[in-house]
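> Given the sequences, and given the hints that come with them, work out the whole structure.
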Amino acid sequence: MGTDGTGARVAILFKNELHPVHAGFADAIGADRVQLPVTDHDLLTGSVVEDVLGVARRIPSMSTEYDVYLSEDVAGLYAASYLTARTDGLNIHLAADHRTFGLDGYDIGPWSPHSVAKWIDRTVDITIIHRLLRHSVDGAIAVSGLVAQNVSRIAPDVPVRVVHPYVKPDLFDRLGEMEPSLDGKDAVFVGKNRTHKGVDLLCRAWPRIRAEHPDATLELVGSEHVERNVPGVTVTGYVDDIGEAYRDASLYVHPARFEAFGVAVLEAMRAGVPAIGTTNCGVTPHLSAVDSSLRCEPSPDAIAESVAEYFDRDLDERRSISEVARETTTKFDCQRSKRTFEEQFTRLLAEIDGL
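Residue 1314 in my numbering sits at position 343 of the sequence shown, and the numbers go up by one each step.
By construction, these hints were calculated from the structure, which means they are not laboratory data. Each statement offered as a hint is correct.
The list that follows gives simulated cross-link-like pairs (lysine-lysine, PhoX-like), each with its CA atoms no further than 25 Å apart:
1. K1309 to K1139
2. K1163 to K1139
3. K1089 to K1163
4. K1139 to K1302
Just so you know, these numbers come straight off a predicted model, no measurement behind them.
Dropping the structure here:
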């Protein structure tokens, strides 16, 4: 049974594959990994019902002997809340999920039976999450200041610490040696096609960008993307070597409606690729430190304006931004972040113990 530096027995609860960064955080505190099952029914995927059923199936076989239950996602939060209500264990939430932000993180779409069902599911989901944060969670570790502010807004009595994610060590080193193609007008987005990531906003912005820069291109890299039939936009899909996507780009764009952090933005910056992010993205303050023009509102018009403005820059300006962007990422290495997580986790437990 895993223990942290204080001797506390810790388990991290999660539903899908544990995020590599969160796995590193778990290792830093010696946490055991406890995975919750997912449903085989497509209609339930990503729904409240899936989370509840998964927890109900796993709870009977879960150990109640841990001192701390650390939840990575909402399903983990459900399970941790159930277990800590019946034991003396602490409920610590690793706040890294866009679902806590509310309905603004979703594009429900035109009204239809499907969209109504989706709206109901998301509304119930958010209501439960907020109630658990207020009444069941003992403390939280947020992956950005944006998330910390949101948690404090929802649950003002819950102590919160902030620990930023990191770029995976092998990728960190490889990206740091890359020379990006800064002289073009070739943008890239890296990530899954999820509503909260705002890929649809970026694609709606692209014709407006092409009106000013007819040769501008956008590559969508990652799983679950669909063909957009937008001039200048291509779908590459999943790739084995993500580094190549950054090597060929002159700009990275992260158009999220809401994003807890945005590690792909760090990856791009590490490769020396200037990045634009929205104001609702946890990593954006680090973009603003590079250049204030690299942030925008999550709307097609604002995204188009920021991208077009960047493409107007000459090569010397782009190189200057590239150098500062890469330098900014030096503090996001694996070992430093893991040490910070261990320190903040220990301090959080001490604060809770003193309440």
